[in-house]
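A.B. asks: One-letter residues, chain by chain:
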Amino acid sequence: MGAIYRREMGAFFTSGVAYVFLTVFTLLSGIFFFFGVITSGTTETSPLFSSMFIVVLFLIPILTMKLLSEEKKNRTDQGLLTAPIGLWSIVLGKYFAALTLYIIAESVIFIYSLILAYLGDVVWPSLLGNYFAMLFLGAAFIAVGLFISSLTENQMAAAVASMLALFVLYLFDSLASNVSIDFIRKIMLSFSFYSRYLEFTRGVFDLTAVVFFISVAFIFNFLTVRVLDKRRWG
Amino acid sequence: MIEVRNLTKRYGDKQAVNDISFKVEKGEILGFLGPNGAGKSTTMNMLTGYISSTSGQILINGVDILEDPINAKSNIGYLPEIPPLYVDMTVDAYLGFMYDLKKCKLPRKAHLKEICDLCKITNVRGRLIRNLSKGYKQRVGLAQALINNPPVLILDEPTVGLDPNQIIEIRTLIKKLGKNHTVILSSHILPEIQAVCDRIIIINKGVVAADGTADDIASKITNEHKMTLRIEGSTHTAEDKKEIVAALKQLDGIKYVRADMEREKGVYDYDIESEEKVDIRRAINKLCRDKGWNILMLQLSDLTLEDIFLKITMGDIMPGAEKAEKPAKDKPKFDLNVKDGELVATEVAEETKEVLEENLPADRSFEDEDKNEGGEE
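Protein sequence lines, in the order shown, are assigned to chains A and B.
Following the working numbering, the numbering of the first sequence begins with 1 at its first residue and continues without gaps.
Following the working numbering, the numbering of the second sequence begins with 1001 at its first residue and continues without gaps.
Among the hints, erroneous ones may be present.
For each label pair, taking beta carbons as the anchor points, the in silico distance ranges come out as [stated by the list, open to error]: (1) B/Lys1175 <-> A/Gly86: 32 to 40 Å; (2) A/Ser107 <-> B/Lys1109: 29 to 37 Å; (3) B/Leu1059 <-> A/Ser107: 44 to 52 Å.
Some chain A residues well away from chain B (every beta-carbon gap over 12 Å; in silico) [what the hints assert, rightly or not]: (4) Ile4; (5) Ile90; (6) Ile184.
Here are the simulated lysine-lysine pairs, PhoX-like style, with alpha carbons at most 25 Å apart [claimed, not checked]: (7) B/Lys1105 <-> A/Lys72; (8) B/Lys1249 <-> B/Lys1286; (9) B/Lys1105 <-> B/Lys1120; (10) B/Lys1205 <-> B/Lys1226; (11) B/Lys1176 <-> B/Lys1113; (12) B/Lys1023 <-> B/Lys1241; (13) B/Lys1226 <-> B/Lys1286; (14) B/Lys1226 <-> B/Lys1023; (15) B/Lys1134 <-> A/Lys73; (16) A/Lys230 <-> B/Lys1014; (17) B/Lys1226 <-> B/Lys1026; (18) B/Lys1105 <-> B/Lys1176; (19) B/Lys1176 <-> B/Lys1134; (20) A/Lys72 <-> B/Lys1014; (21) A/Lys72 <-> B/Lys1103; (22) B/Lys1109 <-> B/Lys1120; (23) A/Lys73 <-> B/Lys1226.
Simulated from the structure, these hints should not be mistaken for laboratory data.
Predicted, not measured: the structure shown is a model, and the values here were computed from it.
Virtual Cβ for every residue (Gly too), placed ideally from N, Cα, C.
Excised from the complex, chain B in its bound form (with noise of 0.2 Å):
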């Protein structure tokens, strides 16, 4: 359906797009995941035939975006980061423009109709564009993408601006087109790409790093043991958090073992990198009652879509290539929650954490603010 062979983009020095190639087959749903800048929106333009490659080559349906663009881009319906709206316009004025513009054959009333009801558009059809709130200006856009029924719909950051209902309303939609369209959508809201996505590739500096299904990727970027302890000492100061990641240390099979934040009273949390294939879990439990401590908690930490967006697009780690890269000193440490769906870095006082290994790898320790934030533009 959609095919991308060796596509590039320069802008002056700057490589926006490097040598990407993809396949996208009909029905599928592929999550574009990236940071911002990391070639998204270029890669989108460019498939949709806004601007141009530097090089390469795109077919959408076999047609070739540059050499036929105006059957190619019958094909696709696009929903650009800013949807194209004309604010001066009625709902129904724009989408009758459109309709016109796209030279759509479909019975014009009800075809306008079916797409205003799925949209959940219907109630403001009469409003100037200009008085939609954000979230109706986003289905408005969205509405216009499906306009003529395109085979293939190209949706840039499609819930930006929506409430968590009218997300999780287009989310729905979404999967609902997957099924009779082929569907390319590009996000850093990383649940809602899983949530919605059969396929995801995840781009960074202009390079596709990852292509598959979550589960590809993750189990190819890593096979690490981790998890998460808390365990109570006998004595409920610093001192015990000193002896028990000694004690830990001793364990066979441990790669690292470092004391985190002091999450109850007293009692701390441990993170504790296995090597692989080791089940550490019997040996900390017996070494825990042999000291007379108790194990508060115990969590597995699987690597989910968030760490290895993280270790993608933070540490340039690519599947295959992991290199361990101890964290600066100076630079301040960040706590990494989902919140809302999306990540949020805080800062993390710099003495709540102790590095006890020297060569840790870089992981959930930030080298680089900016490129922390995972919040919308």
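Chain A extracted, bound-state conformation (with noise of 0.2 Å):
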């Protein structure tokens, strides 16, 4: 796990795919901290943090879209699936390689919560909990991509496939409205992503979500090493 994991954070940075992910990040945040945060006069980081789910959505899939397509369409894959490792090794390699990038880029909140408390009091617990919201959203959506990302050999329908389920799962609260069944509204709306990740946005720290997104992370990983596993035997 650990050379796959280090290999791949070599790649993000010799791909560019790092600079463009780390700089795309820190500007769609910086926008959303001055005209949601400063411009308001507050100290108060939720609009910031709400806004922050959808950028986190179309960022993602550029992280993970050549995880796994590349080394099909370049053949690497057999030297990895041919190495003394097992599968899991492979795809948590991966997996954490894109979490880390991903948690370097977020950590570029604690620049934004200096500078509100240079300016005023900071609600640091409000801003934890939000900060470790978006963490674990951001572990359950790069396992998702991961998985999309195991499925083809274009990465670019890798990215784009990604973008299109993560936007469907954002969508499911308003798609569960408008369902009149009761039943199948409450199954959608515990698939929910973004209401458990609001819920953190208003100060709540639910550890239900936490758990959730956990489990979706490690299903979605469960998934992959399936989809690897299955190309073995097609």
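With the hints as a guide, dock the two chains, each given alone in a separate frame, to form the complex.
C.D. replies: This is the structure:
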């Protein structure tokens, strides 16, 4: 796992993906920080975090699109799959590399919080709660993106499909409200990412939401392992 | 060292590999030979655990590749058909990555240096793989397979894309490695297999068509006596040809005679096949002396690996089960030559060949154009 993790981290930077990701993330979060927080004259960071959901949604597929699709296309997967390592090591090595880069990007929040601390009083528990909410959200999204990347050889297809999938997850709440059957609506709402994330921006640290995001991450990583395993039997 | 039992792989309806069994002992160099699409790469991918078999068993060093893949894979160094190279890495970074990936315990610096020296890539270690030539990429791929000194090396067409000097170097290297490793290599380049391998397995259409040393296979597959003659007649015209063929056919023990191309002005070549254990050379000599013809060349054609390969893969002839086939008249005929170590098929004009015997076996006249290529992909 360590070897794959280190290689992926290196590849993020040599391929330029890391720079694009970090730049766009910082730029967009900066804009939301400026207009949502600074110009409103508050130290309340919730507007920033609720806007970041959609930014994360569109940026994470850029991180994950190449992870497995390129391996398959360049046949480098033959090197990985014939090496004496398990499939979980391959998937988790890649997963944690993407997660690490995401955490690096996300940590720009602490720069904003320092600015806020200079200007006024920061509500630290709420800010940290939001920070972790975003972290767990990303952890779940990266697993989804990695899974979709394992399904195709084309990185653009992986990116577009991931964005679409995550967007549908985002729309689950509004879709659910249009469903008249109570039972189905409840099921749909129980899969809602957005409402769970929103709870954090209201200052509630919801442990079940954390468990939910981690479970989603686990399930999609598991599915990715299954896809790799299945391919051998094709 | 490697044991394969009843290995089968199906892709839907297509039977890619069908019930292959063989054993490779320690220190043996085994050559996999077969036309494109015969199932060589599929077999190798199964041996290395990249794909799984539909049925059958593979034991690497006594370990089943499906039951304990990590243990089995740690014994294998694999160079796939397309080397698994990350083109955005330098050679050094890539080999370091493979070193970590294989959880190699050997002293890192010394081990990598040794491998780079062995594969002659020391001078490109700092360069991006993207910028290397195909030959160097191939060698980096080979270096990668050698990391951790695995007892089994599986090399899928290791010399593709190399220039003749490099090919010789790699062959020498493989021979050297064969002393301490068990090597399986695939190729459709016949002289390569012949030069490097102790033992050959010919695979055709997913089944083992022949197994043994080149000589073993040759002795199993044929006991025909064939020769090529160049006889100068008296008139130096096509009339000679008819006369000579007719006279040769009268000799005892001759199975068939075929006039070949005009090699020199007014002089033709004749392919002759005699019955088993009948030496007709003296009779021919006597005939020519009596008629006043000159023998300009007499060449016995022993079966080379090429002939064996072509016989097995073209004619659907299994060892010991030869059957005579008459080539279709409307199909183009080919002249086969070995050029730069590869088979080259050139079309021969129809009229230059006269088929004079009705029951001539399918040997050097080939029915199918696309099966004839010996070139690289």
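A.B. asks: Determine for every hint whether it applies to the structure shown.
C.D. replies: Evaluation of the provided hints:
1. B/Lys1175 <-> A/Gly86: 32 to 40 Å: 35 Å, holds
2. A/Ser107 <-> B/Lys1109: 29 to 37 Å: Hint holds: Cβ distance 35 Å, inside 29 to 37 Å.
3. B/Leu1059 <-> A/Ser107: 44 to 52 Å: Distance hint for leucine 1059 of chain B, serine 107 of chain A holds at roughly 50 Å.
4. Ile4: Isoleucine 4 of chain A not clear of chain B: closest Cβ-Cβ about 7 Å, inside 12 Å.
5. Ile90: The assertion about isoleucine 90 of chain A is violated, with a minimum of 9 Å to chain B.
6. Ile184: 38 Å, holds
7. B/Lys1105 <-> A/Lys72: Violated - the C-alpha atoms of lysine 72 of chain A and lysine 1105 of chain B are around 28 Å apart, more than 25 Å.
8. B/Lys1249 <-> B/Lys1286: 14 Å, holds
9. B/Lys1105 <-> B/Lys1120: 23 Å, holds
10. B/Lys1205 <-> B/Lys1226: Violated - the C-alpha atoms of lysine 1226 of chain B and lysine 1205 of chain B are around 28 Å apart, more than 25 Å.
11. B/Lys1176 <-> B/Lys1113: 18 Å, holds
12. B/Lys1023 <-> B/Lys1241: Violated: lysine 1023 of chain B and lysine 1241 of chain B sit about 52 Å apart, past 25 Å.
13. B/Lys1226 <-> B/Lys1286: 19 Å, holds
14. B/Lys1226 <-> B/Lys1023: 34 Å, violated
15. B/Lys1134 <-> A/Lys73: Measuring from Cα to Cα gives roughly 18 Å; hence the hint holds.
16. A/Lys230 <-> B/Lys1014: 18 Å, holds
17. B/Lys1226 <-> B/Lys1026: 38 Å, violated
18. B/Lys1105 <-> B/Lys1176: Given that 25 Å is the threshold and the Cα spacing comes to 23 Å, the pair holds.
19. B/Lys1176 <-> B/Lys1134: Holds: lysine 1176 of chain B and lysine 1134 of chain B sit about 23 Å apart, inside 25 Å.
20. A/Lys72 <-> B/Lys1014: 23 Å, holds
21. A/Lys72 <-> B/Lys1103: 23 Å, holds
22. B/Lys1109 <-> B/Lys1120: Holds, at about 16 Å.
23. A/Lys73 <-> B/Lys1226: At roughly 50 Å apart (the allowed maximum being 25 Å), lysine 1226 of chain B and lysine 73 of chain A break the hint.
Of the numbered hints listed earlier, those contradicted by the structure are 4, 5, 7, 10, 12, 14, 17 and 23.
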